[in-house]
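If you want this note's numbering, it's the 1-based position in the sequence shown plus 798.
It should be emphasised that the hints constitute simulated quantities derived from the structure, not laboratory data.
Be aware that a few hints might be false.
Claimed, not checked - In silico DSBU-like pairs for lysine-lysine, Cα to Cα no more than 35 Å straight-line:
1. K852 x K841
2. K813 x K848
3. K822 x K841
4. K841 x K870
5. K893 x K934
6. K822 x K859
7. K845 x K859
8. K874 x K852
9. K934 x K804
10. K871 x K822
11. K848 x K859
12. K813 x K934
13. K874 x K893
14. K813 x K852
15. K879 x K848
16. K934 x K859
17. K870 x K805
18. K848 x K934
19. K934 x K822
20. K879 x K893
21. K871 x K848
22. K938 x K871
23. K845 x K871
24. K917 x K938
25. K893 x K845
26. K841 x K893
27. K859 x K874
28. K874 x K934
29. K845 x K870
30. K879 x K934
31. K822 x K805
32. K871 x K852
Unchecked claim - Now the in silico label distances, taken between C-beta atoms and shown as ranges:
33. G853 x G897: 47 to 57 Å
34. G829 x F854: 33 to 43 Å
35. S811 x E900: 29 to 39 Å
Glycine is no exception: its CB is placed at the ideal position from the N, C-alpha and C atoms.
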Amino acid sequence: MHFGYKKLYIDGSLKDAEDGSRQKVICPANGSEVAEIAEAGEKDTIKALKSAQKGFNYWSKLPLNERTSWMKKLRKAILEKERHLRLAIMYEMGKTYEGSYEDIEALSNALDWYPNAMKNYRDEQILDYEGTHSHKMIHKPAGVVVAYLAWNFPL
Numbered sequence: 799m800h801f802g803y804k805k806l807y808i809d810g811s812l813k814d815a816e817d818g819s820r821q822k823v824i825c826p827a828n829g830s831e832v833a834e835i836a837e838a839g840e841k842d843t844i845k846a847l848k849s850a851q852k853g854f855n856y857w858s859k860l861p862l863n864e865r866t867s868w869m870k871k872l873r874k875a876i877l878e879k880e881r882h883l884r885l886a887i888m889y890e891m892g893k894t895y896e897g898s899y900e901d902i903e904a905l906s907n908a909l910d911w912y913p914n915a916m917k918n919y920r921d922e923q924i925l926d927y928e929g930t931h932s933h934k935m936i937h938k939p940a941g942v943v944v945a946y947l948a949w950n951f952p953l
């Protein structure tokens, strides 16, 4: 199976790497080429980081119910494409088809659990000893980062 050429997703659209670099994706189980991907360079990474920061700022201002709705839509789309995603995991990482289930299940479960956890977490009140004052703990995300992920775990 070959998944074709895949571009970078930056600022809402698919793009070639700015310098045209590409990388072959080789299945570790049998050594066959299963895809070719645009290979991001420093300029692509900076563009992606700036775009992600804009997205983070926008996302952070959305009401919780709207963020929850988008997470549930993403979960539904992942489950609708489960077979294709499991095949991609299998060929990219050399896992068995059965072994790929855990990766999809973990992602699906997270997209199901976090929206509910966020609703519950936001209502946390902390009372002082006398019960005369209440406090609310607010956790603020650090924001956007660039990270190189381990090759053997899909995220």
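Going down the list of hints, with the structure as the test:
no. : hint                    : in the structure
1   : K852 x K841             : 17 Å, holds
2   : K813 x K848             : 15 Å, holds
3   : K822 x K841             : 20 Å, holds
4   : K841 x K870             : 33 Å, holds
5   : K893 x K934             : 45 Å, violated
6   : K822 x K859             : 39 Å, violated
7   : K845 x K859             : 22 Å, holds
8   : K874 x K852             : 25 Å, holds
9   : K934 x K804             : 45 Å, violated
10  : K871 x K822             : 31 Å, holds
11  : K848 x K859             : 17 Å, holds
12  : K813 x K934             : 43 Å, violated
13  : K874 x K893             : 23 Å, holds
14  : K813 x K852             : 18 Å, holds
15  : K879 x K848             : 29 Å, holds
16  : K934 x K859             : 19 Å, holds
17  : K870 x K805             : 26 Å, holds
18  : K848 x K934             : 31 Å, holds
19  : K934 x K822             : 50 Å, violated
20  : K879 x K893             : 18 Å, holds
21  : K871 x K848             : 25 Å, holds
22  : K938 x K871             : 24 Å, holds
23  : K845 x K871             : 26 Å, holds
24  : K917 x K938             : 15 Å, holds
25  : K893 x K845             : 32 Å, holds
26  : K841 x K893             : 33 Å, holds
27  : K859 x K874             : 23 Å, holds
28  : K874 x K934             : 33 Å, holds
29  : K845 x K870             : 28 Å, holds
30  : K879 x K934             : 40 Å, violated
31  : K822 x K805             : 12 Å, holds
32  : K871 x K852             : 21 Å, holds
33  : G853 x G897: 47 to 57 Å : 32 Å, violated
34  : G829 x F854: 33 to 43 Å : 39 Å, holds
35  : S811 x E900: 29 to 39 Å : 32 Å, holds
Hints 5, 6, 9, 12, 19, 30 and 33 from the list above are not met by this structure, while the remaining hints are.
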